[in-house]
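Trainee: Chain B: place on chain A using the hints.
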Amino acid sequence: MNSRILHIATNTFREAVRDRVLYNLIAFALLMSIAAVLVGQISIHIERLVVINLGLTAVSLFGLVIAILIGIGLVSKEMDKRTLYTVLSRPVRRWEFIAGKFFGLTGTLIVNTFFMAIGVFAALAYVSHHFVRSDAWVLAALYFIVLQFVLITALALFFSSFSTPIFSAVFAFWLFVIGNFAGDLRNFAAMTHGVTRALATAAAYIVPNFSDLNVISQVAHGEAVPIRLIILNTAYVTVYALAVLSGAVVIFERRNLK
Amino acid sequence: MPAIEILGLEKIYNVGFWRKRTRRALHPLHLSVEEGEIFGFLGPNGAGKTTTLKILMGLVFPTSGTARILDLGLDDPRMKAQIGFLPEQPYFYDYLTARELLKYYGQLSGVDAKYLSRRVDDVLDQVGLANSANVQLRKFSKGMLQRAGIAQAILHDPKVVFLDEPMSGLDPMGRREVRNLIEKLKAAGKTVFFSTHILSDAEALCDRVAILHMGELRGVGAVAELTAGVHGKVEIVWHGTNVPSVVRSITAEIHSAAGITRAVLPEESQDAVLEGLRREGFHLISLTPVRTSLEDYFVAQLGSATKEEAVSIRG
Numbered sequence: 001m002n003s004r005i006l007h008i009a010t011n012t013f014r015e016a017v018r019d020r021v022l023y024n025l026i027a028f029a030l031l032m033s034i035a036a037v038l039v040g041q042i043s044i045h046i047e048r049l050v051v052i053n054l055g056l057t058a059v060s061l062f063g064l065v066i067a068i069l070i071g072i073g074l075v076s077k078e079m080d081k082r083t084l085y086t087v088l089s090r091p092v093r094r095w096e097f098i099a100g101k102f103f104g105l106t107g108t109l110i111v112n113t114f115f116m117a118i119g120v121f122a123a124l125a126y127v128s129h130h131f132v133r134s135d136a137w138v139l140a141a142l143y144f145i146v147l148q149f150v151l152i153t154a155l156a157l158f159f160s161s162f163s164t165p166i167f168s169a170v171f172a173f174w175l176f177v178i179g180n181f182a183g184d185l186r187n188f189a190a191m192t193h194g195v196t197r198a199l200a201t202a203a204a205y206i207v208p209n210f211s212d213l214n215v216i217s218q219v220a221h222g223e224a225v226p227i228r229l230i231i232l233n234t235a236y237v238t239v240y241a242l243a244v245l246s247g248a249v250v251i252f253e254r255r256n257l258k
Numbered sequence: 001m002p003a004i005e006i007l008g009l010e011k012i013y014n015v016g017f018w019r020k021r022t023r024r025a026l027h028p029l030h031l032s033v034e035e036g037e038i039f040g041f042l043g044p045n046g047a048g049k050t051t052t053l054k055i056l057m058g059l060v061f062p063t064s065g066t067a068r069i070l071d072l073g074l075d076d077p078r079m080k081a082q083i084g085f086l087p088e089q090p091y092f093y094d095y096l097t098a099r100e101l102l103k104y105y106g107q108l109s110g111v112d113a114k115y116l117s118r119r120v121d122d123v124l125d126q127v128g129l130a131n132s133a134n135v136q137l138r139k140f141s142k143g144m145l146q147r148a149g150i151a152q153a154i155l156h157d158p159k160v161v162f163l164d165e166p167m168s169g170l171d172p173m174g175r176r177e178v179r180n181l182i183e184k185l186k187a188a189g190k191t192v193f194f195s196t197h198i199l200s201d202a203e204a205l206c207d208r209v210a211i212l213h214m215g216e217l218r219g220v221g222a223v224a225e226l227t228a229g230v231h232g233k234v235e236i237v238w239h240g241t242n243v244p245s246v247v248r249s250i251t252a253e254i255h256s257a258a259g260i261t262r263a264v265l266p267e268e269s270q271d272a273v274l275e276g277l278r279r280e281g282f283h284l285i286s287l288t289p290v291r292t293s294l295e296d297y298f299v300a301q302l303g304s305a306t307k308e309e310a311v312s313i314r315g
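Chains A and B are the protein sequences, given in the same order. When the first sequence is numbered by this note's numbering, its final residue is 258 and no position is left out of the sequence of numbers. When the second sequence is numbered by this note's numbering, its final residue is 315 and no position is left out of the sequence of numbers.
Careful, some of the hints might be misleading.
Below, simulated DSS-like cross-link-like pairs (lysine-lysine); rule was C-alpha separation at most 27 Å, straight line [as the list claims (entries may be wrong)]: (1) A:Lys77 - B:Lys184; (2) A:Lys77 - A:Lys258; (3) B:Lys103 - A:Lys77; (4) B:Lys139 - B:Lys159.
Here are a few chain A residues that face chain B, going by a calculated C-beta distance under 7 Å [said to hold, decoys possible]: (5) Met79; (6) Lys81; (7) Thr83; (8) Thr86; (9) Arg90; (10) Val92.
To be clear, the hints were calculated from the coordinates, so they are not data collected in a lab. These figures come from a predicted structure and were not determined experimentally. For glycine and all other residues, C-beta sits at the position ideal for the given N, C-alpha and C.
This is chain A alone, in the form it adopts within the complex (with noise of 0.2 Å):
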């Protein structure tokens, strides 16, 4: 990464830090004690279940939220409130601002990520008094998690570099709830014949696959995530995310700062 890019990522951790993003830890602390606490009272023998599926979908949602949240302004609150015109009138490119607010967000992300899952474990260990073997594989669901976010995060971030924040939030959201459901949607197109079959199909490959994305339920139950599943969708996450990201470059290169 060159030192710009670097630069611009860690203001803009800097920049959530301080506009206290990280407090929904706290949230997320509450959320966890409350559940380990409880589901500690009222054992039968699912608590390994309960706990995982509870937090590991309070870790997605809260992170989700954050993504959409700040990546929706990303470029778009630096342009109304004009501090990019002296980020710009230096030796920045363009395409390097876009880098750095990227990895800027994604490493917020991933630090917050990386709190989230140790109140996930200290609540697991709360119910259950010990680890097993299969408590490894909520890494992997964490790590899927974290891959939803780059996907996120590189979604909001272009929408920002030509919308309103509205809209970005919502295309972004929009783009989340229709991306869980993209096996679906494959399904259905393999049903389907004609036009019907190459628009569905079409559709189903241009939306962002979250289904792959989410084995909450899977580790929670204690199964295993496939190697080939982890590798599949980390080359996935990373083609997609730099299309889209290209994408935002592409716009944000053109795009006239009034």
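Mentor: Same frame as chain A, now just chain B:
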């Protein structure tokens, strides 16, 4: 080699969502600024000054034309490393302290990390913010933000400094300090290109000025050259508070106080007025030429532009 060379920069905006219309913000502009000059870019609000500066900074793309700064293209990072820019009414990352902000900008400008901290302290001291270095910018007044803006523009010791309304928001002391700072930059061999609508600042500081009105260049040159072509005025003072009819018919700039009257008249009417005063028995005290100011030139230019526009609208 000129420090700044503007070759026919033009900007036309498309406005309207459904019915697309065009709005010309800048007519093809040709301008050249020499190294070491303090160049004033003058014009009323909406004249196209900020648009020109934004194009030069690579924030807005021109519809046609080009420009070179230090003989490098506008998108060349080597050029951007050698220029400083203060935007109009600057707004900065308000969660940062002044020191953090300058450090960040220094990093982006490629200032050597070994010297950065010392340089930041020096510049903060230069703009009078040394005591507020560790205060978050959200607690800064407008004047302090302007100083922080000037600090970030000169932090990396640029060869050319662009200042968009640098005196805006400053109190008289602050304005004087900025004027001194601009003079220091010139003494250090820097080129300063600044836009303003405060003509006294331009008159006091600039080697040359350009006047822009409605996106069109109305005049460019040294202040003395520009004002030489404007017809001068004279101030006539006489005893008494009565005003001869000949004076009344020529000017409305007449003030009576403490038993004497002053009138400011066009130079070419002075003989007729003196004759009138003598004929009616007034006792003349003095007749003094009034120095033509940049303001007179400015008003004359904008006045003629407005008349031309009125004619073209009627036509």
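Trainee: Of the hints given before, which are not true for this structure?
Mentor: Hints 1, 4 and 5 are the ones this structure does not satisfy, whereas the remaining hints hold.
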